[in-house]
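Visitor: Heads up: the protein sequence lines correspond to chains A and B, in order. Following the working numbering, the numbering of the first sequence begins with 1 at its first residue and continues without gaps. Following the working numbering, the numbering of the second sequence begins with 1 at its first residue and continues without gaps.
No lab work stands behind these hints: they were computed from the structure. A couple of the hints might just be wrong.
[What the hints assert, rightly or not] Negatives, chain A to chain B, calculated, CB over 12 Å:
hint, residue
1, I59
2, R177
3, P193
4, M196
[Said to hold, decoys possible] The following label-pair restraints were derived from C-beta to C-beta distances:
hint, chain 1, residue 1, chain 2, residue 2, range
5, B, E172, A, A119, 46 to 56 Å
6, A, L96, B, D173, 46 to 56 Å
7, B, L275, A, I54, 17 to 27 Å
Glycine included, C-beta positions come from ideal geometry on N, C-alpha and C.
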Amino acid sequence: MSVSLNASAPAAPRRFRPARLLRRHPGAALGGLVLLLLVLSALGAPWIATHDPIEMNVIDRMLPPGGDYLFGTDAYGRDLFSRVVHGGRVSLLIGLAVALASTVLGLALGVIAGYFRLADAIIMRVMDGLMAIPGILLAIALMSLTRASLWVVVVAITIPEIPRVVRLVRAVVLSVREQTYIQAAAAIGTRFPRLMRRHILPNTFAPLIVQATYICASAVLTESYLSFLGVGTPPEIPSWGNIIAEGRLYVQLAFWNILFPGIALALMVFSINVLGDGLRDALDPRLARRL
Amino acid sequence: MGSYILLRVLATIPVMAVVAVIVFLMLRLSPGDPAAILAGDQATAEDIALIRERLGLDQPLLQQFVLWVGQLLRGDLGSSIYLNRPVLGLILERVEPTLALSVSTMAFAVLLAVPLGVLAAWRAGSWVDQAIMALSVLAFSLPVFLIGYGLVIGFALQLDLLPVQGFVSLSEDPLAFARHLVLPTLTLGLVYMALLARITRATMLEVLNEDFIRTARAKGLAEPRVLILHALKNASVPIVTTIGVGIAMLIGGVVVTESVFAIPGIGRLTIEAVLQRDYPIIQGVILTVAGVYVLVNLAIDLTYSALDPRIRY
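Using the sequences and the accompanying hints, generate a full structural model.
Guide: Written as structure tokens, this is what we have:
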């Protein structure tokens with residue numbers, strides 16, 4: 001890439017203002033509100049839940065929604081409402097952990113790939129290979145190799161998400177490093193770590209936040225798919241995917257065991273995605289046109 | 001042109017090599033003794049030793065890799081531990097349902113998503129656009145099993161119009177084949193359609209801002225002609241690329257959909273293999289699927305360079 005004299009510096013990232021978000025993107029604000037409610041119910045699960053989520057009560061099995069049991073009960077007489085409220089904690093935890101882990105790892109690899117030729121060739125070939133394997137299949141394969149636990153699920157979902165972040169960060173670093181202000185900073189003797197921290201990395205933040213939001217939504221969905229397939233979160237933990245996996249066995253007798261966790265899952269993924277769209281429009285207008 | 005084709009074909013080799021290395025190392029680098037993990041909790045020492053020997057895990061790593069790649073190049077994906085049969089045969093037996101579901105989903109999604117995306121871009125900002133986009137984010141966020149069981153309860157159990165689950169081979173009974181595919185296709189197609197509609201809209205929006213579109217309109221061309229012949233034709237490259245890259249996502253969705261509708265395809269095979277800790281099957285499925293992904297994307301890239309005279313390398 002040649003350096004032209006009139007190369008314009010990228011626009012300074014706009015300050016994030018919630019009030020403007022609300023006015024310009026009512027959809028995103030609504031998504032944020034729904035998400036906030038879901039987060040609060042997950043945090044306050046022990047107080048909101050009306051029953052113990054794992055206590056069995058065989059007399060009350062497969063009761064329809066209503067009365068003492070807001071969402072009905074499952075085949076063991078466990079209160080579905082309490083299980084769904086507790087399940088939100090698992091989904092949220094996994095979504096956040098995967099978003100954080102894949103962003104941090106992807107950022108590190110992307111910066112290295114964007115700055116060092118040799119590392120670039122190697123890292124990008126590995127990323128191409130990872131992207132050729134469907135994320136769910138890779139996660140299933142990883143899950144088959146160790147005893148299932150919450151953290152193994154996080155690792156198994158994180159690995160397939162990393163290439164997206166690496167590509168994004170690398171593209172930003174590659175385009176920014178040729179800008180005149182970076183060359184000027186390098187010319188006056190700015191050392192690499194400072195150059196990176198002060199001048200290059202800030203350009204990646206806006207697209208990264210947006211990407212991390214989408215990854216969080218996708219991770220929540222993937223966790224439920226893995227658990228649904230019986231290769232995810234250990235079955236004794238009431239995650240939404242696990243509740244649905246159990247409920248499918250008697251879907252004709254008690255469909256609410258799929259309906260309520262399914263709706264909770266859809267609401268969470270939907271609100272995170274909508275929030276991501278709003279953040280994208282607000283933080284990164286250039287990216288907004290791409291998807 | 002010829003050298004471009006050659007380079008593009010050669011570029012698939014490192015990708016597949018990386019996939020092979022990932023699949024190979026995943027088992028060997030997993031924490032603990034892979035043979036013991038694969039043998040399961042009730043295995044005796046002899047079972048573990050047998051598995052170790054059968055997978056060649058008792059040999060040095062590099063030697064294992066060379067032997068294994070040699071087998072792969074001869075088309076030998078290894079043998080299943082549990083069923084004691086060649087993996088390639090097991091995959092081929094299960095390929096028809098997966099292929100049928102993938103193709104029908106793709107067709108359904110493309111046929112619906114492209115017109116919707118074009119319509120949304122054409123009327124950008126209007127209520128039509130906003131409705132299409134809101135619905136697509138919603139469809140994109142719905143878990144496959146929620147749509148799947150919703151359709152099963154509605155169309156199969158309540159209305160009794162379509163079969164609840166299962167699969168019938170095309171050669172056996174074409175009508176039953178089609179009837180069994182309707183609900184799974186709708187289920188997965190809705191999700192995939194949402195993704196494609198978003199891409200179509202975004203690319204069309206960019207193209208519609210180009211000067212040649214204004215020229216076409218200024219010449220007085222009819223709007224459908226402008227939209228389809230001038231805009232969509234130019235937007236097709238990114239759209240088709242997304243379809244190609246989206247195959248990875250599609251296959252992931254197929255695995256879940258097969259499970260919802262009890263379709264005996266590759267996805268079910270993989271899950272059964274995981275539950276029986278039959279790693280050679282998992283490994284074979286990943287290699288096959290990645291191979292298909294790489295080949296489809298190669299075909300797409302080569303088709304563009306043939307169709308679009310601007311793409312010359």
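Visitor: Give a verdict on every hint.
Guide: For each hint, the structure was consulted:
1. I59: holds, 27 Å
2. R177: About 25 Å separates A:R177 from the closest Cβ of chain B, which puts it past 12 Å; holds.
3. P193: For A:P193, whose nearest Cβ neighbour in chain B is about 30 Å away, the distance exceeds 12 Å, so it holds.
4. M196: holds, 27 Å
5. B:E172 - A:A119: 46 to 56 Å: At 54 Å between Cβs, range holds.
6. A:L96 - B:D173: 46 to 56 Å: holds, 49 Å
7. B:L275 - A:I54: 17 to 27 Å: holds, 24 Å
In terms of the numbered hints stated before, the structure departs from none.
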